[in-house]
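Number of protein chains: 2
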Amino acid sequence: MTKPKGERRGLVLVYTGDGKGKTTAALGLVLRALGRGFRPRIFQFMKHERAAFGEHRALEKLGVPIEGLGDGFSWRSRDLEKSAELARAGWRRAAEAVASGDWDLVVLDEIMYPLAFGWIDLDEVLEVLRERPQNVHVVLTGRGAPEALVEYADTVTEMKKVKHAYDAGIPAQKGMEH
Amino acid sequence: MTKPKGERRGLVLVYTGDGKGKTTAALGLVLRALGRGFRPRIFQFMKHERAAFGEHRALEKLGVPIEGLGDGFSWRSRDLEKSAELARAGWRRAAEAVASGDWDLVVLDEIMYPLAFGWIDLDEVLEVLRERPQNVHVVLTGRGAPEALVEYADTVTEMKKVKHAYDAGIPAQKGMEH
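Chains as they are written, first to last, in our numbering: chain A, 316 to 493; chain B, 316 to 493.
In case anyone wonders, no lab produced these hints; they're calculated from the structure. Source: prediction; values computed, not measured. Honestly, I wouldn't trust all of these hints.
One copy or two, it doesn't matter: identical chains are merged, so the pair holds either way.
With a cut-off of at most 30 Å between alpha-carbon atoms, the simulated DSS-like pairs for lysine-lysine come out as follows [unchecked claim]:
1) Lys478 x Lys489
2) Lys489 x Lys376
3) Lys376 x Lys478
4) Lys397 x Lys478
5) Lys489 x Lys475
So here's chain A without its partners, still in its complex pose:
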């Protein structure tokens, strides 16, 4: 596989694993990129288009586009064909954003779910990554990153759950987990 060359070059980063911090780490990268004057853009495959968690409010203020592409909890949906269609339409939008070169950093949050369900095609995702403009960074998050994606990516971190507040009966805290 060929990769973009040059001193400033876009990286492909993967945050995977069953622990907390995958989406959050992607948000941190967005903040860092903003501080350097980069233009980040975020697509969230498993969030509803009208999601308004803490990060959405903050990013709106910062002028960072963040788009929910799903219908909320798609994996529990009784209308899987609708979920699949939403994911495919969302992927087309995200792929265009990566290919356009208009964005220095594109976050594909929770893209591993639609990949695992076969709603979007891994080979197509890899092709969009390979063909992207040299300077474009792409971050992909979600449990169960496919082997071929791990192989292609520049940096891969597995967020491993050591322990989680939920397991001790503590409900999700606003501002920390949503």
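Put chain B on the given structure of chain A with help from the hints.
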């Protein structure tokens, strides 16, 4: 060990391990907290007080205090006593911020280093965490989180390096890693 009770309660989160994304995930939490109107504050034990990476520039714009408490690469320093003193003075400032209740979220970035070096005392850190006001969230990052801290924390994630761009000879990219 007693923990604060009540519906809204501060969590202790630990991001540890040798992978990328620990500090970045903490920054993402800051962004999320901001979106909920919380007041976050960041202490960075291994960053120089005049550090100006991407995150510093972005956080300054957002009005989030971020303080470097170290002298840069302290672990390579030839004046370890000076590094130890800086860490201890920094810890006193951070401990006051946690205890004050003036901040909803306090990030103790890379605190595992001074803990490992014995520059600051683990029991003292645990005591400050235990005694903190009920609503205060604290995030601690760095490799090699001590067992007693993992035990006390509500949520612990190990960021495991699967692969890293450095290893393939790709230099750190501005806006992504600093």
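Here's how the hints hold up against the structure:
1. Lys478 x Lys489: within (19 Å within a copy, 32 Å between copies)
2. Lys489 x Lys376: Classified as both: same-chain Cα gap 18 Å, cross-chain 23 Å, threshold 30 Å.
3. Lys376 x Lys478: neither (33 Å within a copy, 34 Å between copies)
4. Lys397 x Lys478: neither (35 Å within a copy, 36 Å between copies)
5. Lys489 x Lys475: both (22 Å within a copy, 27 Å between copies)
Checked against the numbered hints given earlier, the structure breaks hints 3 and 4 and satisfies all the rest.
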